[in-house]
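Take a look at the letters that make up each chain.
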Amino acid sequence: MSAIITLTTDFGHSKYVAAMKGVILGIVPEVNLIDISHEITSQSVLEGAFVMMTTVPFFKNGVHVGVVDPGVGGPRNPIVIECEKGILVGPDNGLLMPSAKRLNMLAVYKITNRELMLESVSHTFHGRDIFAPVAAHLAKGVKPEEVGEVVGQCQLLDVEAYKDGGGMLEGQIVHVDKFGNLISNLPRRALEDRLHEGDEFQILLNGKPYSVRFENTYVEAPGDEPFALFSSSDYLEISIPMGSAAEKLDIRVGDSLEVRL
Amino acid sequence: MSAIITLTTDFGHSKYVAAMKGVILGIVPEVNLIDISHEITSQSVLEGAFVMMTTVPFFKNGVHVGVVDPGVGGPRNPIVIECEKGILVGPDNGLLMPSAKRLNMLAVYKITNRELMLESVSHTFHGRDIFAPVAAHLAKGVKPEEVGEVVGQCQLLDVEAYKDGGGMLEGQIVHVDKFGNLISNLPRRALEDRLHEGDEFQILLNGKPYSVRFENTYVEAPGDEPFALFSSSDYLEISIPMGSAAEKLDIRVGDSLEVRL
Amino acid sequence: MSAIITLTTDFGHSKYVAAMKGVILGIVPEVNLIDISHEITSQSVLEGAFVMMTTVPFFKNGVHVGVVDPGVGGPRNPIVIECEKGILVGPDNGLLMPSAKRLNMLAVYKITNRELMLESVSHTFHGRDIFAPVAAHLAKGVKPEEVGEVVGQCQLLDVEAYKDGGGMLEGQIVHVDKFGNLISNLPRRALEDRLHEGDEFQILLNGKPYSVRFENTYVEAPGDEPFALFSSSDYLEISIPMGSAAEKLDIRVGDSLEVRL
Numbered sequence: 001m002s003a004i005i006t007l008t009t010d011f012g013h014s015k016y017v018a019a020m021k022g023v024i025l026g027i028v029p030e031v032n033l034i035d036i037s038h039e040i041t042s043q044s045v046l047e048g049a050f051v052m053m054t055t056v057p058f059f060k061n062g063v064h065v066g067v068v069d070p071g072v073g074g075p076r077n078p079i080v081i082e083c084e085k086g087i088l089v090g091p092d093n094g095l096l097m098p099s100a101k102r103l104n105m106l107a108v109y110k111i112t113n114r115e116l117m118l119e120s121v122s123h124t125f126h127g128r129d130i131f132a133p134v135a136a137h138l139a140k141g142v143k144p145e146e147v148g149e150v151v152g153q154c155q156l157l158d159v160e161a162y163k164d165g166g167g168m169l170e171g172q173i174v175h176v177d178k179f180g181n182l183i184s185n186l187p188r189r190a191l192e193d194r195l196h197e198g199d200e201f202q203i204l205l206n207g208k209p210y211s212v213r214f215e216n217t218y219v220e221a222p223g224d225e226p227f228a229l230f231s232s233s234d235y236l237e238i239s240i241p242m243g244s245a246a247e248k249l250d251i252r253v254g255d256s257l258e259v260r261l
Numbered sequence: 001m002s003a004i005i006t007l008t009t010d011f012g013h014s015k016y017v018a019a020m021k022g023v024i025l026g027i028v029p030e031v032n033l034i035d036i037s038h039e040i041t042s043q044s045v046l047e048g049a050f051v052m053m054t055t056v057p058f059f060k061n062g063v064h065v066g067v068v069d070p071g072v073g074g075p076r077n078p079i080v081i082e083c084e085k086g087i088l089v090g091p092d093n094g095l096l097m098p099s100a101k102r103l104n105m106l107a108v109y110k111i112t113n114r115e116l117m118l119e120s121v122s123h124t125f126h127g128r129d130i131f132a133p134v135a136a137h138l139a140k141g142v143k144p145e146e147v148g149e150v151v152g153q154c155q156l157l158d159v160e161a162y163k164d165g166g167g168m169l170e171g172q173i174v175h176v177d178k179f180g181n182l183i184s185n186l187p188r189r190a191l192e193d194r195l196h197e198g199d200e201f202q203i204l205l206n207g208k209p210y211s212v213r214f215e216n217t218y219v220e221a222p223g224d225e226p227f228a229l230f231s232s233s234d235y236l237e238i239s240i241p242m243g244s245a246a247e248k249l250d251i252r253v254g255d256s257l258e259v260r261l
Numbered sequence: 001m002s003a004i005i006t007l008t009t010d011f012g013h014s015k016y017v018a019a020m021k022g023v024i025l026g027i028v029p030e031v032n033l034i035d036i037s038h039e040i041t042s043q044s045v046l047e048g049a050f051v052m053m054t055t056v057p058f059f060k061n062g063v064h065v066g067v068v069d070p071g072v073g074g075p076r077n078p079i080v081i082e083c084e085k086g087i088l089v090g091p092d093n094g095l096l097m098p099s100a101k102r103l104n105m106l107a108v109y110k111i112t113n114r115e116l117m118l119e120s121v122s123h124t125f126h127g128r129d130i131f132a133p134v135a136a137h138l139a140k141g142v143k144p145e146e147v148g149e150v151v152g153q154c155q156l157l158d159v160e161a162y163k164d165g166g167g168m169l170e171g172q173i174v175h176v177d178k179f180g181n182l183i184s185n186l187p188r189r190a191l192e193d194r195l196h197e198g199d200e201f202q203i204l205l206n207g208k209p210y211s212v213r214f215e216n217t218y219v220e221a222p223g224d225e226p227f228a229l230f231s232s233s234d235y236l237e238i239s240i241p242m243g244s245a246a247e248k249l250d251i252r253v254g255d256s257l258e259v260r261l
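Residue numbers (our numbering), protein chains in the order written: chain A, 1 to 261; chain B, 1 to 261; chain C, 1 to 261.
Any given hint might turn out to be false.
What the hints assert, rightly or not - Short, incomplete list of chain C residues facing chain B, as computed with Cβ under 8 Å:
no., residue
1, F11
2, H13
3, K15
4, A19
5, K21
6, G22
7, V23
8, Q43
9, G73
10, G74
11, S122
12, F125
13, M168
14, Q172
Said to hold, decoys possible - Here are the simulated DSBU-like pairs of lysine-lysine, each with C-alpha atoms no more than 35 Å apart in a straight line:
no., chain 1, residue 1, chain 2, residue 2
15, C, K178, B, K101
16, C, K85, B, K60
17, B, K208, A, K248
18, B, K178, A, K178
19, B, K248, C, K248
20, A, K101, A, K163
21, A, K60, C, K140
22, B, K178, C, K208
23, C, K110, C, K60
24, A, K163, C, K178
25, B, K60, B, K143
26, C, K85, A, K143
27, C, K178, C, K163
28, A, K101, A, K140
29, B, K140, B, K208
30, A, K101, A, K85
31, B, K163, B, K248
32, B, K101, A, K178
33, B, K140, B, K85
34, B, K140, A, K178
35, C, K143, B, K178
36, A, K208, C, K178
37, A, K140, C, K143
38, B, K208, B, K248
39, B, K101, B, K163
40, B, K140, C, K140
It should be emphasised that the hints constitute simulated quantities derived from the structure, not laboratory data. Ideal placement from N, C-alpha and C gives every residue a C-beta, glycine not left out.
Please model the complete structure; the sequences and the hints are all you need to start from.
Here is the structure:
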């Protein structure tokens with residue numbers, strides 16, 4: 001049974017990703033390389049964290065590399081997070097923390113072992129020069145503690161940092177999918193007792209009010225007005241039947257969502 | 001020799017596809033996962049059917065998963081189609097039928113065996129919760145008849161549903177590629193006796209008339225006017241030299257193509 | 001240890017690529033298929049050559065297929081280039097030459113052996129009908145000399161064809177990445193003695209002048225003005241902090257870059 005390395009980046013399906021794969025296969029040729037997404041909104045650590053957090057748990061074990069790294073070349077550390085259900089590799093900018101929580105975090109290590117990196121490390125592409133080779137060595141059996149010292153403190157990021165004021169919840173859009181569906185950080189568990197099929201309620205997207213119906217599935221939604229449902233990852237999602245909510249409502253990752261029940 | 005599972009969706013290269021891959025690899029780690037396309041026009045069962053039909057025959061055997069599924073969560077069945085040259089898995093909405101014909105269909109089964117699905121099945125993502133795990137089990141050796149009962153009748157879809165009125169053929173655009181080439185559902189066999197290199201003829205794209213020349217290859221086409229040729233899948237294709245016919249003529253999947261010879 | 005076949009095309013992540021993969025896996029099922037990029041600007045042999053040249057060296061060995069092939073169906077030859085550090089397969093239009101140089105070229109062969117191609121060869125898709133099956137056979141152990149005769153002369157392409165007039169260098173943009181960074185063909189070695197962190201200098205992009213600062217990393221760049229740095233592939237790159245230089249400056253592959261020091 002071969003090891004799995006997953007890759008999540010904001011690089012596009014590009015030569016940058018391919019260079020990382022070349023480096024990895026040079027170290028561990030028998031590994032199974034899986035792309036999670038390379039279409040993360042450029043430099044959106046938030047969306048990267050959300051996408052990784054809601055996807056890596058579907059892999060039984062695996063080394064998960066995340067590179068959404070606007071601070072590359074600056075003082076942020078490269079880290080490895082050892083978890084009960086996998087290993088995470090990437091920058092210490094919050095990107096990996098939500099995934100670490102879901103995989104049951106055990107320890108965080110700062111990557112300092114030069115023998116596990118490419119010989120020459122650039123200022124601009126640690127994905128290729130540090131994260132890819134380190135992930136390959138981990139997939140090959142190197143222990144997390146061999147990458148460097150344990151880190152006591154690291155950059156936190158709570159994807160679910162929303163406000164719940166009872167009748168009003170304030171969150172934000174953390175992912176837009178290819179259909180143009182707007183996926184928020186308001187979790188199902190915070191809403192499911194208060195929202196039922198057919199309920200009408202008010203939302204504000206980027207401050208602009210809409211009246212939406214709550215549905216259980218896409219097929220139940222009538223017309224071409226926005227409606228709400230729980231996404232397949234169990235977050236509140238705003239969708240438009242047979243159209244792109246992102247385009248029609250002019251919304252992108254990071255925009256605010258207020259729900260009034 | 002490892003089994004092959006191919007994936008065709010309208011999800012984009014996204015976390016949805018990656019979640020399906022995670023589920024599959026958890027069941028059958030040694031499988032070879034191949035993306036056919038995830039850029040099917042959102043909810044276009046027609047384009048999905050065309051893309052699968054013209055691509056899966058290039059794989060010797062394999063389990064082919066198709067998910068273009070606007071009716072997910074509604075009454076349409078999840079099905080498996082056993083064929084002489086492979087197995088198809090997806091929704092019963094016509095998507096799989098043209099491929100089934102090319103792979104020599106043997107039997108259609110309705111997926112009802114809960115043991116082959118994820119423990120919890122969502123209303124919105126059967127790709128992850130039903131089709132991925134079922135495909136993985138099939139790739140691992142589960143027999144198609146183990147997924148459920150044989151279905152007597154299922155949703156038909158004829159990608160090649162064009163009209164041939166002798167001097168006039170009416171079809172539609174079923175695929176637009178990255179170059180902006182417009183691929184129609186008018187098959188070479190219906191036209192090759194009547195079209196020869198250098199012939200000039202009239203077409204109507206979405207009702208708008210153009211005079212085009214028939215060429216054998218892209219390189220022979222002069223200027224920047226639309227021309228016609230047979231695509232590599234043997235359908236009539238409208239192209240513009242060094243430009244995007246889709247953009248310049250403002251045409252998308254589903255638009256009509258009329259040919260006057 | 002399984003063989004690697006990499007693919008670089010301007011096809012998009014599409015059914016064309018998938019058909020190539022089906023053909024390859026039918027011949028050599030155990031091969032490791034890696035996508036380098038399928039988002040090469042349509043018909044830009046220059047960008048394809050740059051992307052391959054800066055990526056294939058990261059793979060220890062491998063058969064590298066490149067298909068950016070505006071002349072498909074015309075007189076250009078299909079070729080195989082045997083190198084010390086890998087094998088290249090594609091059209092004789094210059095696409096493979098810069099990579100061949102970096103992999104230490106040994107010999108060029110014209111592909112004529114019909115037994116290594118698909119039974120029927122189309123006029124429009126040699127990627128599927130010639131390059132894919134030939135690459136598969138090479139990955140399986142067929143020797144380069146079995147594909148056909150040695151070619152004495154082939155189409156050259158120098159990605160680094162820039163002019164150095166001392167205080168003024170004239171090159172061009174050869175790649176635009178997903179961030180909108182503009183990567184030029186001006187190599188670091190031509191500039192590093194003359195450019196230092198914090199230096200201000202003039203550039204002309206497509207004839208339009210900008211004053212830019214030279215930085216070592218992305219994080220050092222202030223504001224939202226264009227700045228310059230060396231790309232991770234060691235070429236001069238023009239970038240805009242947290243924005244797309246390609247969009248904001250309206251530049252694409254092939255546009256000129258003049259540097260005045």
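Hints and how they fare:
1. F11: 6 Å, holds
2. H13: 6 Å, holds
3. K15: Nearest chain B Cβ about 5 Å off; hint holds.
4. A19: 5 Å, holds
5. K21: 5 Å, holds
6. G22: 3 Å, holds
7. V23: 6 Å, holds
8. Q43: With Cβ-Cβ at 6 Å, under 8 Å, it holds.
9. G73: 3 Å, holds
10. G74: 4 Å, holds
11. S122: 5 Å, holds
12. F125: 4 Å, holds
13. M168: 31 Å, violated
14. Q172: 18 Å, violated
15. C/K178 with B/K101: Violated, at roughly 40 Å.
16. C/K85 with B/K60: Since the Cα atoms of C/K85 and B/K60 sit roughly 31 Å apart, the hinted pair holds (cutoff 35 Å).
17. B/K208 with A/K248: 28 Å, holds
18. B/K178 with A/K178: 16 Å, holds
19. B/K248 with C/K248: This hinted pair holds, its Cα atoms lying about 24 Å apart.
20. A/K101 with A/K163: With a Cα-Cα distance of about 20 Å, the restraint between A/K101 and A/K163 holds, given a limit of 35 Å.
21. A/K60 with C/K140: Status holds; Cα separation ~32 Å.
22. B/K178 with C/K208: 30 Å, holds
23. C/K110 with C/K60: It holds: about 24 Å lies between the C-alpha atoms, which stays within 35 Å.
24. A/K163 with C/K178: 34 Å, holds
25. B/K60 with B/K143: With Cα atoms ~18 Å apart, B/K60 and B/K143 stay inside 35 Å; holds.
26. C/K85 with A/K143: Within the cut-off at roughly 31 Å; holds.
27. C/K178 with C/K163: 27 Å, holds
28. A/K101 with A/K140: 24 Å, holds
29. B/K140 with B/K208: Roughly 51 Å separates the two Cα atoms, so the pair is violated.
30. A/K101 with A/K85: 10 Å, holds
31. B/K163 with B/K248: 26 Å, holds
32. B/K101 with A/K178: 30 Å, holds
33. B/K140 with B/K85: 17 Å, holds
34. B/K140 with A/K178: Between B/K140 and A/K178 the Cα gap is close to 31 Å, so the pair holds against 35 Å.
35. C/K143 with B/K178: OK: C/K143 and B/K178 at ~34 Å, within 35 Å.
36. A/K208 with C/K178: Given pair A/K208, C/K178 holds - Cα atoms ~30 Å apart, limit 35 Å.
37. A/K140 with C/K143: 32 Å, holds
38. B/K208 with B/K248: Between B/K208 and B/K248 the Cα gap is close to 13 Å, so the pair holds against 35 Å.
39. B/K101 with B/K163: Holds - the C-alpha atoms of B/K163 and B/K101 are around 20 Å apart, at most 35 Å.
40. B/K140 with C/K140: Roughly 26 Å between the alpha carbons, so the hint for B/K140 and C/K140 holds.
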